[in-house]
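Chains as they are written, first to last, in the numbering used here: chain A, 1 to 296; chain B, 1 to 343.
Not one of these hints is a red herring.
Computed far set for chain B versus chain A, every beta-carbon distance over 12 Å:
1) D45
2) E68
3) A174
4) E178
5) E210
6) S228
7) A231
8) G260
9) K300
10) P317
11) L321
Just so you have them, the derived chain A footprint on chain B, three or more residues with Cβ under 8 Å:
12) 76-90
13) 96-105
14) 114-121
15) 189-200
These aren't lab readings, by the way, just hints derived from the structure by calculation. The C-beta atom is built at its ideal place from N, Cα and C for all residues, glycine as well.
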Amino acid sequence: MALGLIETVFREGLIYALMAMGVLITYKILDFPDLSVDGTFPLGACVAAALITLGVNPWLVCIAAFLAGACMGSITGLLHVKLGITDLLSGILVMTASWSVNLIITGGTAIFQFFNLPTIFNSGIASALPEALYAHRQLIIVFILAVIVKLALDGFLKTKSGLLLRAGGDNSRFVTSLGHHPGHVKILGLAIGNGCTALAGCVLAQLNENADVNAGKGMVVMALAAVIIGTGAFRRLSFLKLTTMAVFGAILYKACLQAALLLGLPSTYLKLLMAVLLTVSIVSQKIGRKGGAANA
Amino acid sequence: MKNTKKIIAAVLATVLALSLAACSKAQTETAASPSASAEASPAADVKIGILQYATHASLFDCYTGIIEGLKNEGYIDGDTCTIEYVDGQGEAETNSLAASNFVTKGYDVIIAIATPAATTSYAAAKDAGIPVVFSACSDPVAAGLVESLEAPNTGATGTSDSLNFDAQLKMIRAFMPEAKKIGVLYTTSEANSVSQLKNLTELAPTYGFEIVSVGVTDASEVAAGAASLLAKGVDCINNLTDNNVVNNLSVVTNAADAAGVPIFGSEKEQVAQYGCVASESLDYVALGVTTGEMAGKILKGADAKTLPVAVVTDATPVYSLKNMEKFGLTLPADYSSATNMDE
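One chain only, chain A, in its complex shape (with noise of 0.2 Å):
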């Protein structure tokens, strides 16, 4: 049984981490606080909703939840670079924004449900599993997908966008000398990071056969925690990519949820134990660097 809820830590740990990928791209790379996350995260699982319903094939669902958390992000983007917003207010007001498109995506409802129909989870690759395996395919699936999103992201940080993103984020004077606008970068970078979450809200949904418009609370600072933690606790496993310390940090935090619940504490505290354990996780990255973790 024990082992079983370790299934299940990688199995949401996996999910999250298809978002905490593309919080990396925006919060790690491009030095983005996004905001927009906690909107885009419940566009994925709206959009999954409406189209299953409609008879879309779950895989296609997939990539269309990836697109419209896309379009959400680059609107960030421009709001940000175009408009001249702050980074903070335009994520915010993407989120905002988007709980409206949820509810329109939804029909009005805050809860979409769609028992029983074909999921990623149960038609597919998922029916044609082994018998052996299929007690296991939630996590087969998620497994697979977020290999599929790690490869991906890691093959275009190698092409010459994928360049010049990492290297806005450092420097975005040097995207200028290049020849490039640095703004274009981000709205890209936002795009990515956004379709990546919209993705993990798409997954989550087929999951759980239901969409939730509520579900978005808190995900900015869970697929920070996820980073933070994932950066943190392999930052000295220099073959390690960023990519792979997110996916661990995802499943790491998950694992921490987990034992606290099994260890029995209310779930009152959980927030609490989080904002702890991220703190301790910052904490102990400054102590690592030379220059002490002074602020002030």
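Since the structure of chain A is provided, determine the placement of chain B on it from the hints.
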């Protein structure tokens, strides 16, 4: 670079392989465990998981009732069964994790309080065949939990709370014989509220009322919504079981008090604590007791697929003399036996 890729692939593959191996081992372990646990505590074999969607007075009343109902059927925590209670804090993430934990731990029945907890639990439990008993779910058919109230046929069943609008409207008419317009403030994204408003609007003319409604989308709009409702010249306000509005009821009461408009509640706590004058209130403890007893019956072998959903509409009138005085209302003779919440 290629090497790094290979290492990562290898690590991830090992992780997957390990967790898969872990799971298959887990199955044999659970198969062997009953004898082991039986030695430790002979009667604690039955395991019940209770998931409450959010921290909320009515939902907690429900939980209290469920424990009592289970006791009526002979299931006492730590004695004849093990009960694990999780309050999901209104977080989809916590609710979903708790529900999958119940399933992984192989619980015998999952009791879910409020619709979101019920749908999450049902999605997690249906493949494992663990019965889900829901409570305080206003429209289980629309939520996809059951095929019909009489024959659920899904593995989920439970109790549904339907507001008794006939009793409520009759009460408002008795309290305010001259009133014409009833104002309703509701949240457009809450499916329960939308369907309740529809029912109320259809019933109102029977009692000579007209319903004036204002929809809001979140907590920050409640104050503006209340103001615009009062500006439409309503004679009184009637609450639905709208989570958003009820959670921000003091905002509505302040505005209504200033305008001299009484509010009729949808639940007794609103009368006792939040300034409503009266209510035909559902008893959530009683709802919980019924739920607990249903779970007990399922544990004893009743089939969740055929056990019909129990719809609770029995309402008990309650009032607050203190709040009524503010609006110059007097207690109608028909309600002299109702409960005064001031005491």
